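*Asks:* Protein chains in written order, with my numbering: chain C, 1 to 450; chain U, 451 to 900.
Worth flagging that the hints you see were computed from the coordinates, not collected in a lab.
All values derive from a computational prediction rather than experimental measurement.
From the three backbone atoms N, C-alpha and C, an ideal C-beta is built for every residue, glycine too.
Hints are not guaranteed to be accurate.
Unchecked claim - Ranges between beta-carbon positions, derived for each pair:
1. U:A857 x C:T259: 45 to 51 Å
2. C:Q386 x U:K611: 46 to 52 Å
3. U:P560 x C:Q114: 42 to 48 Å
4. U:N578 x C:D374: 58 to 64 Å
5. U:E738 x C:Q114: 50 to 56 Å
2 protein chains.
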Amino acid sequence: MALSTANSFSPSLSTKLTSKSSDSLVRFQSPNSVSLRSSSFVSPSSIELNRSASSVLSASRVASKICASAAPVMDQSVSEASSKVPTIVNVDLGDRSYPIYIGSSLLDQPDLLQRHVHGKRVLIVTNNTVGPIYLDKVTDALTRGNPNVSVESVILPDGEKYKDMDTLMKVFDKAIESRLDRRCTFVALGGGVIGDMCGYAAASYLRGVNFIQIPTTVMAQVDSSVGGKTGINHRLGKNLIGAFYQPECVLIDTDTLNTLPERELASGFAEVIKYGLIRDAEFFEWQEKNIDKLMARDPSALAYAIKRSCENKAEVVSLDEKEGGVRATLNLGHTFGHAIENGLGYGEWLHGEAVAAGTVMAVDMSYRLGWIDDSIVKRVLNILKQAKLPTSPAETMTVETFKSIMAVDKKVADGLLRLILLKGPLGNCVFTGDYDRKALDDTLHAFCKS
Amino acid sequence: MALSTANSFSPSLSTKLTSKSSDSLVRFQSPNSVSLRSSSFVSPSSIELNRSASSVLSASRVASKICASAAPVMDQSVSEASSKVPTIVNVDLGDRSYPIYIGSSLLDQPDLLQRHVHGKRVLIVTNNTVGPIYLDKVTDALTRGNPNVSVESVILPDGEKYKDMDTLMKVFDKAIESRLDRRCTFVALGGGVIGDMCGYAAASYLRGVNFIQIPTTVMAQVDSSVGGKTGINHRLGKNLIGAFYQPECVLIDTDTLNTLPERELASGFAEVIKYGLIRDAEFFEWQEKNIDKLMARDPSALAYAIKRSCENKAEVVSLDEKEGGVRATLNLGHTFGHAIENGLGYGEWLHGEAVAAGTVMAVDMSYRLGWIDDSIVKRVLNILKQAKLPTSPAETMTVETFKSIMAVDKKVADGLLRLILLKGPLGNCVFTGDYDRKALDDTLHAFCKS
């Protein structure tokens, strides 16, 4: 894995911040506040997300949707999230709203799961890494004191390279052979790949059945299990086939991280860092102070990072479920990252590793456009290195590979590639197709040998 | 194809109509009125649909949602539907409402299609039977006077046996290779198989893109293109994988029926007859008088049958999009029919042929339960025979085959098979799991040699 910084990524880049781009943005007022500039929001090709002093009113409205109270960085919140009483973050989507339960030993509290099971039949979808560790425990949680419920399971091969139609069909085969009917419940037990596949299977089986997410990786807990994006990869691109389909609940037992390999742990932190960069500068500053604790799996620090990430994601998803606008900002670094994952072959790099390198590329491009100060560039590089994440793509990636894969990105609209780029002080970003093509070219050439 | 009536299906069946089941039902008042007994609607295991004198108020509310005026059987309506000015039936689903355009020469009116295209890229999904006849015409309708739109097409093999995941992947392959983005539009050009597959592909491609239905068979025009049910078959059962996904519009050019093979024509009439049986006795009576005209492809008769069928379907779908209740009644004869299609191998019998035989079985069972008068049994047999449709399953179907396939029907709930059965005067049915198992067994044994 290439962990070195790209040669060309240096302070010698001469592009300067324009005062225009930053004058209109001021520091945010509240850790949970967010506003959309309405003038930008109506334009599909460019969306700006910022936290401005003038937006306290609308920000309060949004913050009030979150069940967990606005979370200042303090110990009380941390100890709460790591105790046996789950912290609950609500994803507010009208009649499709659902809770995210976060805490320790939650799989020992059968009621949490059982209250969200529909019907008497459950299908657990897991993989051959997670299944041997947690399948019995989850089966017990589903059936303890609840003898009417019967549980089937399907164990898929582990890894992003199996996130395809052939593997998905194994879920349908099992469900149909088990004669599961519309009143059944699918349970995703595993990381992001399992969650995405189980969710898409639940969306499609008999045209839609109930499903529950039990994410067991940081990546899935802080990002992929929340918000209803499900799907599989196509050989030509990542997540190109799928559905928006919300779970009935997300249950995050932080104890499952005790068995997570270090590389997987770090991969998840790429998404945690993303939330800080795009919309929550105070969270980013907390991460800078606590990255060593996170890497050492300090339970309180992990619980807090997960909670705060879920709050950020829940806010964004509540505002824009189907990614008509602001939700796209959650994809900072992902367009470059997806190209890396696909270009190297799915599973070669973990998703978060590719996102980390992609984030560095997006930050580099933002700097070339004069949209951010070089201090942000340095802070991003610094924290990713501390998290042992890559800060440049693999050396085999070429400019042509990037361009051809990015051309089928879901954020392309009428032929125009829209990107999430940082703009202004830390914690502010834009989703836009309105940028100088030369900056993109320069970034690609700076990070690729050919 | 077995067109003979099953031996055991004779007036010697001794079960009598109970007065209890019919006393509470009275004749309907308006051809477009419908009501749900609220007491039945809340029970998931049994739903009764009737048209009663006491329900005129709610019936009027429903009827007012239909743009096309309530359609008495008269020439004015018929001539309107067969002229170049399209009749419009609206499917009322809030922000997902859409029009069904019905009429002659509609493919010669580019504006009808073009107003519903999103973005600049269109993918037409068709098959190797319909494509050679209509692909150029539809491409012209999409692009005439509209040079910014480019059209791709994918031509699938024709037939129910290709309604599977392998064939579906060809649609995704084409879309991705053509670099279609989220602002594209998929167009289904063909019969029910094409509509179901294209719709499911549109629901899943990039997690959902715009789509338009151009049905070219009676079956698709009167039933499958309307209401958003999309999906594919699994080797173990029909339509087990799919999505509820509504089109942007349905365009029915009745001229496309001029090229339809006779067997396909008759197959579609099975669904037309269904609407009469389950909820529109006056329409059934019209069919009895006009079946010869329909078989002779009289344009006015066809246009009227299509319009009235779409009105019935639009009403039911508007009431219950996701088939929580009343929509299931559209599946009269389908549980038996799906078993026939699957048991014989997909494509051996056409869908409507299997539904016709399945309808006879459902009617037989309804009679055995004492829920309908034998005059209805005779009228059903009579009209199906006049439509040259089968009135019993193929001789190779066994009781065991029926039972094993029906066990994975989507209408099974917590292990209980719910069926649509006729109950009361013509035009009334129930969706229920509350029936004597012996009647089902007796029906299966009456129609199977083993």
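*Asks:* All the hints need checking, so say for each whether the structure fits it.
*Replies:* Status of each hint after checking the structure:
no.	hint	in the structure
1	U:A857 x C:T259: 45 to 51 Å	39 Å, violated
2	C:Q386 x U:K611: 46 to 52 Å	57 Å, violated
3	U:P560 x C:Q114: 42 to 48 Å	56 Å, violated
4	U:N578 x C:D374: 58 to 64 Å	60 Å, holds
5	U:E738 x C:Q114: 50 to 56 Å	54 Å, holds
Going down the numbered hints, you'll see the structure goes against 1, 2 and 3, while the others check out.
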